[in-house]
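Participant: Going down the list, the protein sequences come from chains H and Z. For what it's worth, the numbering used here labels the leading residue of the first sequence as 1, then goes sequentially. For what it's worth, the numbering used here labels the leading residue of the second sequence as 635, then goes sequentially.
Check before you lean on any hint, since a few could be wrong.
[As the list claims (entries may be wrong)] Derived Cβ-Cβ restraints for the label pairs, each shown as a range:
id, chain 1, residue 1, chain 2, residue 2, range
1, Z, Y824, H, E487, 36 to 42 Å
2, Z, E1085, H, D229, 41 to 47 Å
3, Z, E1081, H, F296, 22 to 28 Å
If you are wondering where the hints come from, they were derived from the structure by calculation, not from laboratory data. For each residue, glycine too, the CB sits at the ideal point set by N, CA and C.
Spelled out from the first residue to the last, the chains are:
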Amino acid sequence: MKYLVNSVWESKDNYDIAVVGAGHAGCEAALAAARLGFKTIVFTVSIDSIALMPCNPNIGGSSKGHLVREIDALGGEMGKVIDKTFIQSKMLNKSKGPAVHSLRAQADKANYSKTMRQVLESQKNLEIKQTEVVNILTEDNKVTGVQILSGGIYYVKAVILCTGTYLRAKCIYGEIANNTGPNGLQAANYLTESLKNIGIRMYRFKTGTPARIDKRSVDFSKMEEQFGDEYIVPFSFTTNPDDVQVDQVSCWLTYTNEKTHNIIRANLDRSPLFSGVIEGTGPRYCPSIEDKVVKFADKERHQVFIEPEGIETNEMYIGGMSSSLPEDVQYEMYRTVPGLENVKIVRNAYAIEYDCIDARQLKPSLEFRNIEGLFSGGQFNGSSGYEEAAAQGLIAGINASRKLQGKESIVLDRSQAYIGVLIDDLVTKESHEPYRMMTSRAEYRLLLRQDNADQRLTEIGYEIGLISEERYKRLLLKKKIIKEEIERVLHVNIGTNEKVQALLKKYKSTPLSSGTTLAELIRRPELSYKILESIDEGKRSFPEEIREEIEEQVNIFIKYEGYIKRQEKQVEQFKKLEKRKIPDDIDYDDVKSLRLEAVQKLKEYRPVSIGQASRISGVSPADISVLLVYLVGR
Amino acid sequence: MKYYNTIAAISTAVSPSGIGIVRIVGKEAFEIADKIYKGKCGKKLSEQKTHTIHYGYIVDNNKILDEVLIMLMRGPHSYTGEDTIEINCHGGVYVIKRILEAAIKYGARPAEPGEFTKRAFLNGRLDLSQAEAVGDIISSENEFALRSSISQLKGNIKKKINHIRDEIIYHTAFIESALDDPEHISLDGYVDKLERDVCRILSEISDLISTCNDGRIIKEGIQTVILGKPNAGKSSLLNILVGEERAIVTEIEGTTRDILEEHINLQGISLNIIDTAGIHDTEDIVERIGIEKAKEYAEKADLIIYVVDASTSIDENDEKIIKIIKGKRSIILLNKSDLDMIVTKEDVKSIYFELYPADDIPIIEVSAKKNQGIKEFEKIIKNMFFEGNLALNDKIYITNIRQKKALQDAYEALNKVNESITAGMPEDFYSIDLLEAYESLGKITGETIGEDLVNEIFSKFCMGK
């Protein structure tokens, strides 16, 4: 829709950075910018939707938990807020290796939003304004400001777009198609046109959410209760674990059945997905229940998780049954599920379509390649999920600030962080669906654990200016002690005395025939650093507040040393190519003997390094060799 | 000066020539050479002075492979600017490849096409104005290597490897989907199945590796057999292709009593050409054996060149040969086109099609003696090769060292999966090595990982939310 208003006026207040949208990306972006000293204004269509969770009521999960940890290690906010507002917490994959342990917490949605809003409201340098941004103003391919719905113009030095699912949003179920954002909120209908005018390529994506139901209408006796962990680990490295040992609320597990599936099959012709009303591309990882029934036709049942939306509400979320079927069909199908026979729907399930960008137009710093000073993050970049959004928002906020500081942008690479993998994938790979983080996307995941996010990133966060001196010093101390302790454990000899053999016997471990090192014993699957404490006579004492973290780190390193070292070697190889930068002004037509396909792809993506170039599909190893040779010859 | 990891390659043409050179270049070149070299004087190569020559043996597993001269050059004074070892050995396709394999076994990586030149350039050993030429070398050599190595893959090998890859990616995707969505997908009891499958796949890969070894003994290249009745000009043809007088050429029938074998390189395509005794009824016992052998070779051949004497009329011997080449990849040459041609293309065609109406067959007029029509003949072979019509023999040969190395890498990676299972490691560790095996096997078929895993996860397993 074209914006046509004649009453143009200019804001009298001065700001450095404007953030468009106050969802999970916008909040992190705005906080980072303000904390780094820039006068920041964040625009939102509704103050009441700040840090809104319009879909699932949880934060974290496999690999997403890693993102939250990394956001925290860099000085972001998400981890701190969820630590204050969670109502159940679980460490997933605990029986698997440490690399795939991942935290997931059920959030009290309203409380999460309220708490984040308070953080924003009390942040120095940060102001919030409720309005719709309709225009991005540029001059000579450089951003100069934004225009709001009433015609007002705000001149700024950088703009960060975090519009989430609001651009030309359309909510669809059955034959109903409302032009609203999530939860019936106002959509932003003008901005797309403005973005297209400044040469930005847009995509249209789709996602969906299940119904919310009234707790009083659910028969929990027919479901399996799902408890949280007994001992709760906080997300934030700054949260005292004692503070999160609180009472938890349960979730509930039930299943669909043949009856459910029959109803869905019988009504497929009424689904906008199958009838072609929906044009956007949906994500494969959170398929609607009708998608699941069609695609996995031989599955007799699908799991359904009933999750509370908060403490002070009766609303519950039906995890696993998102849908865009007509509301009468929704009633019918939900009521076939054991425990939901008399269920009352408070908000019906729907699919949502929205405009987003082809993120290959971005540099790895999340600045648009063709428009200086324009940054973006979150679902607007074609991702999915609160955590993915927050991570990009944080990086966009940091890099917009660094641009104004005249500093080099922060680009995390694939060997440093899941955030690095996320952004590299977004800006390098073509995507036809909202991008979700997955642990299998991280090549070096043994090194990118949630337990060592602080060791990987907090120094960078300190350098940026988002980590306090105190926190930085504590980290350095922790790293130093870990290093010394690993060294000691590798060399401590353990004799075959009675005490040792008795301990081994207790844990059904083969007795020692001759002396060995403590490290060798720790490597046995049935033993650990902690178990062997009592026979480790030279063990030193650590500062109490970081004792457990240190012991965990030493245990992991010793146990998986072989694997960790192998990955470190791979990373070394990877870094070599990553460090070879490709100059901005390279003319690929000038590179003789590159294959035509490679020239086209390289022109399209304009990779910043040889490493990034090598990940573009259609660029072969020989093309990379040719490119290397050309760069040296230049 | 940059020091890259160590690469090795045969830097002379792979042919049964008098001598061959294997070159090892990179930071571990001396270290690797020390592991496979036993000098007469007992001193290690790494302790020797630069630009010196040493005499000794190449040894692998206490087995002497060859008696060699080694040229040692320390960087930066070498072609690429890095530490360099050049092993001068006694040629022969088999020996030289065994030496290269030994170098790879002890840590060198097979050089990429054009890599020596590339390194020389990157290390500033070549003039900057040569950059473009270097780029051309890399891309053209690469294209050729890629086309030839993949088209040399027999359909059934490719099928076999792809099948193994499918299995591996399926297992990986299953593990990964369970890690990504632990509440919907469980790995309980899965390890036993994985272990069984990995063991089976290991033995399948091991079979493939041993067929590589078979292939090596029979020499690399396309098994090509020249058939024809006595004195049709088979040996003359061979001589032209080889470029020297190897086969005895006389006017007397049955001069070629033994099977003559030659390895030639036809514009980059390796042909292993076997000249046979002329096929006709004979009482001579020695010659009889020769004819039997010819039939036997023809049976195993990838390509048959049937030389017809166009100056004499077709007889029952020709018909015998046509029966032999039935259904085989063949080319018919009407030789002696310089003389009065009694037999025409149409004559041969009609006889051939009467027997096998379904087949088409290239027929060319040549004169081996006057070197006419040979270019056209070579072009046909080249086209057959690149169109994939011409490949190695039915028996599975993966003769390419790179492919064997990839198989070995895959084997090792899968072995690590087994070790992890035995050691009681958690499941997420398996997928690291499974993916590595998947990637290695992909190198053989020319495929990369890309989004394979993510696609497999979504297409095969129902994720939650």
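Participant: Each hint needs a verdict: does it hold in this structure or not?
Facilitator: Here is how each hint holds up against the structure:
The hinted range of 36 to 42 Å is satisfied by Y824(Z) and E487(H), whose Cβ atoms lie roughly 38 Å apart. Between E1085(Z) and D229(H) the beta carbons are some 34 Å apart, a value that contradicts the proposed interval 41 to 47 Å. Range check, E1081(Z) to F296(H): about 27 Å between beta-carbon atoms, so the 22 to 28 Å window is met.
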